[in-house]
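K.L.:
Fit chain E to the given chain Z structure using the hints.
So the chains spell out like this:
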Amino acid sequence: MMRGPWRWLVLVGRVALGGVFLYAAYTKLRQPWMLFAMSIDSYQLLPTWAVTLVARTLPWVELALGVLLLAGFWLRYVAGFSTALLGFFLAIMIRSYFKGLTIDCGCFGPGEALGARTLIRDSLLVALSLFLTVAAVAARRPASGLKTQDS
Amino acid sequence: VIPLVLLAAVAVAQTAAKPAPAKKPAGKTTATKPAAKKNGGKPAASASLELPPRAVGSRNAPITIEVFSDFECPACRELYMGVLRRLIEEYCNANKVYLIHRDFPLPNHKWARDAARLAVASAAVNRYEQVAEAIFENQAAWTASGQIAPYVEKVLSPAEMKKLNEQLTANRARIDAAIENDIFLGAQNQVRQTPTMIIRSKTQSYPTAGVVQYIYLKLLLDKLLSE
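For the protein sequence lines, the chains are Z and E, in the order given.
Numbering of the first sequence is given in this note's numbering, commencing with residue -1 and proceeding in unit increments.
Numbering of the second sequence is given in this note's numbering, commencing with residue 2 and proceeding in unit increments.
Just chain Z, with the same shape it has in the complex (with noise of 0.2 Å):
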């Protein structure tokens, strides 16, 4: 159970990073998904129907995420999901920036070209969730040592 500050700590942090999935979401959602898939594709990383699977998917899972990010359910789950998906897109897009592709990032709907400012954000995007997973997991595991006392 966390108590004081790191609870509210949680409770922003947890806002933050479920508005800006939200945002994310919504950028990509009001325009048509082809716009979404010409980014994902320049990254040159997918075939053809994976990157239209992406395109017309991801958004939604990016939708959900922010929904549960907000509400607070399963937390250690989604806080550990989006970890794991903000840290596989930093890492293509570093991946990217090295390679010295010039291509839209892609990240809040199109015309945002990729560069060292997309990747700080992301990077710090990265930290926030890893600090919620850890925050959730913490909270969830038993406090062996306050046991003991009370025993």
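Bear in mind the hints are in silico, worked out from the structure with no lab data behind them.
Because the structure is a prediction, the values reported are computed rather than measured.
There's no promise every hint is true.
Said to hold, decoys possible - Within a straight-line C-alpha distance of at most 30 Å, the following computed DSS-like cross-link-like pairs (lysine-lysine) qualify:
| hint | chain 1 | residue 1 | chain 2 | residue 2 |
| --- | --- | --- | --- | --- |
| 1 | E | K155 | E | K111 |
| 2 | E | K224 | E | K97 |
| 3 | E | K111 | Z | K97 |
| 4 | E | K219 | E | K97 |
| 5 | E | K97 | E | K203 |
| 6 | Z | K97 | E | K219 |
As the list claims (entries may be wrong) - Output of the computed footprint for chain E on chain Z, the stretches with three or more beta carbons under 8 Å from beta carbons of chain E:
| hint | segment |
| --- | --- |
| 7 | 23 to 32 |
| 8 | 102 to 112 |
Claimed, not checked - Among the chain Z residues that face chain E by a calculated CB cut under 10 Å, a handful are:
| hint | residue |
| --- | --- |
| 9 | G11 |
| 10 | A35 |
| 11 | M36 |
| 12 | S37 |
| 13 | D39 |
| 14 | S40 |
| 15 | T46 |
| 16 | V49 |
| 17 | T50 |
| 18 | L99 |
Where a beta carbon is used, it is the ideal one built from N, C-alpha and C, also for glycine.
P.N.:
Just chain E, lined up with the frame of chain Z:
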């Protein structure tokens, strides 16, 4: 928290169903600004607008695509050779898309502006597409040597080449103003890299940066045309 979350989800779902609001087509309203500065604030239609537009297709086409590119940029070459040529064939020639070329020579590209000058001048002899294609096709060669004109000569008749050279000499200021104007329009449209395409249909505007696969562009255009 739960009601708030539900409200947010509903709001997002509703917005997702609506089309994106259009960005103001800055190009049409501010096209003369850079030249106006040089002219001390006088109406500057003079410089850039007297040159023929570097565009393909019908002005009345339901979709307009502006492409900001740099002749020395390899990704721009890839876009031109792999995507724009097919786009011209299948959509511009069928009057479905009006394609506007905008020059956006990057400062770190030594010969990009010279190439842009040649291309702009070629529009004055109505041979822009052929010249642009020749410049892109031989990009690797002239980037190494700095000699662009020999590749342009190959696609023009001697008379056309003579006219083009006359344009380059007599209209140098206008040609430079046209390029500056395109750069200004790029800045207005928040172009940060080349190539960037801005696809406009009705009131909607969609920017795409980098090289895109023709298949997705085609799907997008067909969707926009069917609306």
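K.L.:
Indicate, hint by hint, whether the structure satisfies it.
P.N.:
Against the structure, the hints come out as follows:
The suggested pairing of K155/E with K111/E holds, with an alpha-carbon distance near 23 Å, which does not exceed 30 Å. Proposed proximity of K224/E and K97/E is supported: the alpha carbons are some 12 Å apart, at most 30 Å. Only pairs whose Cα atoms come within 30 Å are accepted, and K111/E paired with K97/Z is accepted, the gap being roughly 22 Å. Distance restraint check for K219/E and K97/E: the Cα-Cα separation of roughly 12 Å lies within the 30 Å cut-off, and the hinted pair is therefore satisfied.
Using a Cα cut-off of 30 Å, the hinted pair K97/E and K203/E holds, with the two alpha carbons roughly 13 Å apart. Among the hinted pairs, K97/Z with K219/E is consistent with the structure: their alpha-carbon atoms are about 28 Å apart, no more than 30 Å. Coverage of a stretch by a chain is defined here by at least three residues with a beta carbon nearer than 8 Å to that chain's beta carbons; for the segment 23 to 32 of chain Z and chain E the count is 7, and the condition holds. For a cut-off of 8 Å, the count of residues in the segment 102 to 112 of chain Z with a CB near a CB of chain E stands at 5, and the three-residue condition holds.
Nearest Cβ of chain E to the Cβ of G11/Z: about 14 Å, over the 10 Å cut. The hint is violated. Hint status for A35/Z relative to chain E: holds, with the closest Cβ pair at about 5 Å, below 10 Å. For M36/Z, the interface hint holds, since its Cβ comes within 10 Å of a Cβ in chain E; the closest pair sits about 4 Å apart. Against a cut-off of 10 Å between C-beta atoms, the interface hint on S37/Z holds, since the closest Cβ of chain E lies about 8 Å away.
For D39/Z, the shortest C-beta to C-beta distance to chain E is roughly 5 Å, which falls under 10 Å, so the interface hint holds. Annotation: S40/Z was flagged as interfacial toward chain E, and the flag holds, the nearest CB pair being 5 Å apart, inside 10 Å. This hint holds: T46/Z has a C-beta 7 Å from the nearest C-beta of chain E, less than the 10 Å allowed. Below 10 Å, beta-carbon pairs count as interface contacts, and V49/Z has one with chain E at about 8 Å; its hint therefore holds.
At its closest, the beta carbon of T50/Z sits 9 Å from a beta carbon of chain E; the interface hint therefore holds under the 10 Å criterion. Because the smallest distance between the Cβ of L99/Z and any Cβ of chain E comes to about 7 Å, under 10 Å, the interface hint for this residue holds.
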